[in-house]
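Fit chains B and C to the supplied structure of chain A, relying on the hints for placement.
Chains as they are written, first to last, in the working numbering: chain A, 1 to 418; chain B, 1 to 541; chain C, 1 to 332.
One thing to keep in mind: the hints can contain errors.
Partial selection, computed: residues in chain C whose CB lies under 7 Å from chain A [said to hold, decoys possible]: (1) 69; (2) 91; (3) 141; (4) 298; (5) 299.
Straight-line alpha carbon distances no greater than 20 Å define the calculated EDC-like cross-link-like pairs of lysine to aspartate or glutamate that follow [stated by the list, open to error]: (6) B/3 to A/128; (7) B/505 to C/271; (8) C/115 to A/212; (9) C/284 to B/93; (10) B/3 to A/198; (11) A/224 to A/128.
Quick caveat, the hints were computed from the structure, so don't treat them as lab data. None of the values given here were measured: they were computed from a predicted structure. Don't be surprised by glycine CBs; every beta carbon is placed ideally from N, CA and C.
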Amino acid sequence: MLKQIEGSHAVAEAVALCRPEVICAYPISPQTHIVEALGERVKSGALAPCEFINVESEFAAMSVAIGASAAGARSYTATASQGLLFMVEAVYNAAGLGLPVVMTVANRAIGAPINIWNDHSDSMSQRDCGWIQLFAETNQEAIDLHIQAFRLAEELSLPAMVCMDGFILTHAYERLELPSQEQVDRYLPPFEPRQVLDPAQPVTIGAMVGPEAFTEVRYLAHAKQLQALELVPELARDFKAAFGRDSGGLVRPYRMEDAEIAVIALGSVLGTIKDTVDEMRADGVKIGALGITTFRPFPLREVRDALARVKLYVVVEKSLAIGIGGIVATDVRMALAGRLHLRGYTVIAGLGGRPITKASLRRALGEAAAGRLERLHFLDLDRAVVDQVLAREKEVRRSGPIAEAVLRNVGVVGAKIR
Amino acid sequence: MDKPFAITLDPGSSRANHTGSWRTSRPVYVDNLPPCNRACPAGENIQGWLFHAEAGAYEAAWRVLVRDNPFPAIMGRVCYHPCEGACNRGTLDEAVGINSVERFLGDEAIRRGWKFDPPAAASGKRVLVVGAGPSGLAAAYHLAMLGHRVTVREAGPLAGGMMRFGIPKYRLPRDVLDAEVRRILELGVELVLNSKVEDILAAMRQGGFDAAFLAVGAHIAKRAHIPAGDAARILDAVSLLRGLEGAEKPMLGRRVVVYGGGNTALDVARTARRLGATEALIVYRRTREKMPAHDFEVEEALQEGVMIKWLSTIRQAGAQGITLEKMVLDEKGFPQPTGELETIAADSVVLALGQDVDLSLLDKVPGLEIVDGVVKVGPDMMTRHPGLFAGGDMVPAERTVTVAAGHGKKAARHIDAWLRGTVYAPPAKHADATFERLNPWYYSDAPKTVRPTLDLIRRQSTFDEVQGALDEGNALFEARRCLSCGNCFECDNCYGVCPDGAVVKLGPGERYRFDYDYCKGCGICASECPCGAISMIPEEI
Amino acid sequence: MHQPIKFYQTGTHTVGNRLLKPEQRTVQSDRSRSNSLNCGHRACQGCGEALGARYAIDAAMSAARRQLVAANATGCLEVFSTPYPESSWQIPWIHSLFGNAAAVATGMAAAMKVKNRGDVRVVAQGGDGGTTDIGFGCLSGMFERNDDVLYICYDNEAYMNTGVQRSSATPPAARTATTAAVGDAPGNVFGQGKDLPAIAMAHGIPYVATATVADLHDLEDKVAKAIAIRGAKYIHIFVPCPLGWGAAAHDTIRLARLAKETGLFPVFEAEQGEVTGILKIRRKLPVEEYLKPQRRFAHLFAPTPRPEIIARIQAIADRNIRRYGLLDEGAR
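Pulled out of the complex, with its shape left as it was, chain A reads as follows (with noise of 0.2 Å):
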């Protein structure tokens, strides 16, 4: 059914559809319109039998979900930016404990300095933590990734994180096709636990591993992980002739056919990279894009594969691992190894929620293109400013925060900080 209606509420009827048997709620912007339209659903009925739990953080959120979820109870709960941080620990084990907990994260910065808009560093953060991570293009694909993301989590007994850009897509009003409850029920089995908390057949769940078998457990956990290689595909193809579209897989390459050049990124960027794709080709230029949906567990070969034969690769990224640079860079040239010509940029872009416009990125692929930008390039950075801070740190010793140095600078609030 097609409706015009804000990504979040879409979300939160595409949970609903996958019948979720416990939520877990903490509000944390931007990610509050899903577990609130999902707690009005519980509220009323429409969504039964179902347990909405409002919690006292985000840790308690996941722990909610751990407990739910070990008891046989199909659970969920949403977060981003610092309440994913938050519940860090927690997060850890339910990926440890195989815990098949599906959460969106509404990805946004993470302070300090606070900031509430958009960017990938709170799921990057978690990218060693064990879960599979799903990242979604565009508000269609965060609905159908949510139906496919119980069904791998489940099916792998492996949490599942579906990663939604802030603001861009969670707030989002469009167009979208809503899948009905007889079409989710026919895709989606009830869930049957791997290991389940039962009185008639009493376990004990998270024992105490020590070097005898930690390396074992941990190779299990990766070997587990990888199977989401071979079972994404087949999900998204069992999607596609349930739903009649295509959504999920482990990548999607776009005009990459006879491409020389290469635009990598995740998530909703690739809307605005793919219109700068078509203008370039239009222009002459032999460029394409590649979208990575399954970031975790990384899809080495379908990424290998997908750059076979361009000259010069660019990720477009929109974290930042300081010290070094890119994220998904360092994993896409994981993917390349041995291809040691190939020219390859990382570019850090819409940091905070800072526009990713296509001229900048016009621009900065032109200048890729033409072998002049530095292999880490920050999109639209204000080379002045940063300039005039690192120029006045050297001579004054306590110079003060930084950001509020920024501010000053850029002459936004901050002026009259003394």
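Here is chains B and C on its own, set in the frame of chain A:
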């Protein structure tokens, strides 16, 4: 369930981990000798029968009791209960009223007509018991139970010995005595009354007996030399108390002086009150602390109006009265005359100065050792003459009914062994169950139940029994005050308090066992065992 | 007819009593008890927590007709019971993290509700660190929402698993690895600590109780009562730690008894935030009796006796006695 490797485990699988290897000392269950049992002259398993009484299983309790002593109803009245003096509960609040529970069981047995278990198979041996007092009857009972044919010859007209002719009715009603004697006779014991044995060896020969147990008692009153005029009426306690069993009541007059400080003296004084004496005065040469009579008897006598003159001896008795001399105790505690005299009026003087034994039946037995008028016996109660055993008041010992009954039991066991050509070896005694080993926290707070006593007017005028009995509720309460010192009473504490679940409960009556595979040796079980039935012993490492 | 006989030798002081009716006996005295925490666990000798946990969980199992699941915070209890490859637990049990046992249990309770398995009762358990400190937020949330969970805190008054560091349940003057017995004010500070039973009561939850391993009947009654109640329940069980307290392994129960008899650990229960029951002191004792057998308080007695510090501890006991009415009139 397809369980994740290592993180998810099977329930209870830690039993594979034998933590017993950590232990440096191990708990062991012990059975220690409770002070009551240790103190009992009749060797009763007091704690053993209290255990059943606690549960209201009175018949079972009685049956445990009579394994050692056939006279519960009598003991419950006349025993001076050294068990209670030794009772560890005395340190906590007050001793358990063992004696009153015993009486309750004895009375219950009479009321319900409980009989002894059938005796062992007949041995074909015959034993002669001389004297139907507590010792003789007890020996007869035990010998009969062991399968021997027993004949009791009694010089007097009735069975009971001092229980009948020495203890006043107000302490031991005769129907109680008769009932417990009858029950022994029902085992097939032959009782021949008015049949004094003059020559024991001849009697054995003539009767074809294989062994004999002598328990003739001490019935000859000791006399003190008191210069007395013709008018003075002086008689002895033995004759007086014996006379009470006859039809004619002895005449004592209004003012009676009793000379002596033992329990008999008190019996006489209290009897005198009941016979109508307005004044009953005990004259004793030492102090109350030194008096051999039991304190409670003194107390009861005083309540009944008996008066006691301490530190006094009788110098002479005459028509005008008797002359007393005041005494003082020397540094060794012996009374010494002061020369200070006093005369008091008295219608009669009763001498209660102890009794001697008539040993004439032994005149023709060679080789016996007789010291201070009594026959020496070995630890097996046998005299120097093989097959001739003796007990009760005629051997050197404290002269109480309970001691006598104990002699009877002990002698019977040795006679039995002797008849079978073996030697009776009593089981080794356990270590003492001391108060220090107890954990008294666990026992409920419960002071002793006071037995009802007869009101004073009736005590001064009738021979009704002074001490009342406990009713069932009280008896049960009293039994349950027992701490079960030194012996497991299955309170489950060890089973519960073990942090390692290393105690196995074996079920009612079966107690527990330690599972040393898991016991880490913390010792909580030993600390929290109420009755001190667990000891920690070092492991050999 | 006879009057009912109300005296049973050891009454309810001992674990069992053959003189009581079977239904009056403890779960622990029953040979068919669950032994929820099985043999072979790796707790120290004389561990009060191991004992308290078996007492409580067996009682809960009995009350819940064996339909019980449990969440466990990180800590001694978790570590000594579930090192791979062996578990001591005989019940469905999960360990997630140090600070989230209450929340995990909330999730389990929600799952049971949604699965229509209301007969399955949910217990969360942890030590004093996992309860009063790091798990406090989740616990308070569970209370406030009145989730259908019984939370049991085994209080041994410090972080024992990590090597005896102070927690907010550590008593004043006690020596721990982080409150050294040196200086003018040796040992832990004289603060208010964190009176978790009182805080639980302040949430107005249906049931709050304290208990010790020295009063089994009381402990079991409280667990059974809590299991029967829907909503959030909190039971705080005092469990001496021989290692952490520097006490003899065989003194575990004795110390728990002394804590209660001195008034330092009030044993009570409360419903809807109101105290409804008190376990009276049976034989009142001065706090020294409790302090002396523990090396963590040794600095109060030697080399320089510190009567003024002991007096302050006595004042705490006296205040508890007043506040909860722990003494009967005329009690010894």
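The hints, checked one at a time:
| no. | hint | in the structure |
| --- | --- | --- |
| 1 | 69 | holds (4 Å) |
| 2 | 91 | holds (5 Å) |
| 3 | 141 | holds (3 Å) |
| 4 | 298 | violated (33 Å) |
| 5 | 299 | violated (34 Å) |
| 6 | B/3 to A/128 | violated (23 Å) |
| 7 | B/505 to C/271 | violated (36 Å) |
| 8 | C/115 to A/212 | violated (38 Å) |
| 9 | C/284 to B/93 | holds (17 Å) |
| 10 | B/3 to A/198 | holds (13 Å) |
| 11 | A/224 to A/128 | holds (14 Å) |
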